[in-house]
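Colleague: Listed below, chain by chain, are the residues.
Protein chains: 2
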Amino acid sequence: MRPRLNVIKIGGNVVDSPAMLQLFLQNIAKHPTTSVIIHGGGKIATQMAEKMNIPQTMIDGRRITDEATLDIVTMVYAGLLNKKIVSKLHSLGRTAVGLSGADGNVVLAKKRVHPTLDYGYVGEVQSVNGQFLQNIIDQNLTPVLCAITHDSQGQLLNTNADTIAQEVAVALAAYFDVSLIYTFEKRGVLLNVDDEESVIKELTRAAYSKHVELGAIHSGMIPKLDNAFKAIDDGVKSVKIGKAEQLTQILNDEEGTKII
Amino acid sequence: MRPRLNVIKIGGNVVDSPAMLQLFLQNIAKHPTTSVIIHGGGKIATQMAEKMNIPQTMIDGRRITDEATLDIVTMVYAGLLNKKIVSKLHSLGRTAVGLSGADGNVVLAKKRVHPTLDYGYVGEVQSVNGQFLQNIIDQNLTPVLCAITHDSQGQLLNTNADTIAQEVAVALAAYFDVSLIYTFEKRGVLLNVDDEESVIKELTRAAYSKHVELGAIHSGMIPKLDNAFKAIDDGVKSVKIGKAEQLTQILNDEEGTKII
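Heads up: the protein sequence lines correspond to chains V and X, in order.
In terms of the working numbering, the first sequence has 111 at position 111, counting the first letter as 1, and numbering is strictly consecutive.
In terms of the working numbering, the second sequence has 184 at position 184, counting the first letter as 1, and numbering is strictly consecutive.
Everything labelled a hint here was simulated from the structure, so no lab data went into it.
Where hints are given, some of them may not hold.
Copies of the same chain are indistinguishable here, so a pair counts whether it falls within one copy or spans any two.
[Said to hold, decoys possible] Listed next, the in silico SDA-like pairs over lysine to any residue satisfying Cα-Cα at most 25 Å (straight line):
1) K237 / M20
2) K30 / L108
3) K51 / L70
4) K258 / L70
5) K110 / R94
6) K43 / L70
7) K110 / T95
8) K258 / A49
9) K243 / N192
10) K243 / R2
11) K210 / I59
12) K110 / S219
13) K210 / G12
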C-alpha cells in the first residue's frame, strides 16, 4: 500500500485572515496524514500595491503582471506569507519548507501567450519536480509552495495557485495516494447554490455531466470541476471541495464534496 | 578526503546592483566547488520602507525591527532578492533552493535581549541544521539562505547575515572542508587602509595580534576578524576576505586575505 498524501490549496479568504489562517494551519498540523500546502495571497498583494501606488489591472480574475507587480507578488507570496505560514507551522509542531516554483526547479512554467492580451509575467505550468518534493516529504517535512514559478531562464512568473495545486497533486500521484483539497466559502458543490444543505457528497463524472445538463451546476464551478476530473484522470485518488472552517471534516470525508 | 565547500556571503554592494549581482552569480556558477550562498539586502529594504512611508532607525549599523519593518525585510530578503538569486542561478546552470532560517528549521534564533535598547524582532543565532543543508547539497543543489530566521514559536526574526554565514560554515564543517568567503569593497585586509596594494595575503592569529597591537588593523576590521578566527577555531578550514569583483580569484587563492 502506498502512503497517503493531502495536497491542500489554502483559499484566498483564509490567507487574508490571520485568525482563519491560524485555525486552518492547526487543522493541518494535527491531522495524521502528511500534507503539501499551496497558497497565493492576491488580496494582500493588492493592498501592498496600493501602499506603493502601483496600479493593478485584473482581467477575468487574472492579475496583469508588469515588472513592478511581479516584484510585489514575489515579495508577498514567496516572502511575507510563505515565511509566516512556515514559522506558524513550526510553532504547531510541524517543520515546514517554504518554496517558490524556482526553488529546486519545483514548478517550471512558461510565459502565457494570449492572442490579444499581454498578461505580462504570468506563467503556465510546464512541469513539476515531484522527486524533489518527495525527498522533502521523506524527511518528515511539510512543503509549503507559493504561486510563483520560473521559466529556467532567470524569469520569475506569477502563476495560478489552483493550477499549481492540481499539477503538484498529479506529479505526486507517482509516489502517493493523493487527495487534492480545495477550500472556499461554501460547504461543497451545491445542488442549489442558495441552499448550504444541498451539498453533493460524492460526485462521479456521470452525475456531474447530468447536473451540468440540468443546469444545477453552472458558471464558475464548471472550470473548477473540469480541472478536478482532469486530476482524477491523471492519477489523483480524490479531489475534495469544501468550506475552509471544516478542513478536518473534509480531510476525514465527513464534509464537503468528494470527486472520485 | 572530505569534499570541499564554499560558504559565500554576498556583500551588500553586490546585492544592490543588478549588474554586479549577475557577475557575482556567474562566478559562483562556473566555479567547480559547491557553494552555499548567504545574503541580506538592507539597502533595498530601506528603499522599500521609504516607498511605504515606514520610518527606519539604525543603531550601530543594526536595524531596529518593529513589526512593519520585519514584514519589509521578510518580503525583500526572503521574497524578492532570494527568488531573484535562485532564478538567476538556474539560468546559469545551477539549480538552487532559496531558504529563510525558518525553512527546515535551518537557522533557529532567539530574540536579542539588550540591557537598554529594544532592537525589536532581531535574532541571535542559536543553532544551524547542517544535516538539512547537507541533504540539499547532496542532491547537487545550491542553498541560498537569506538573513531571516525564526524562534520555533512562530516568530520570524531579522538576523545579521555575516553571523549566519559564520554559523552555517561552522555547522557544515562537520561534513565538508569549508571555506567561508566574505566580500566587500576592498581587496582584502590592508596593512595600510589607503593602499589597495598592501593586502595581507595570509593572516595567522599570531600575525593578527601583532598587527592589532601596532595599530595597522583597527576599528571595524577587528570584530570581523575576531569572528573569522572564531570560525577557524570551530572547524572552518579557511576564511577569505576580498573584493566582490575578484570572487573567482579569491576562491582560487589568487586574491584577497586568507585567514588560516
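Colleague: Need the list of violated hint numbers for this structure, in ascending order.
Modeller: 1, 4, 8, 10, 11, 12, 13
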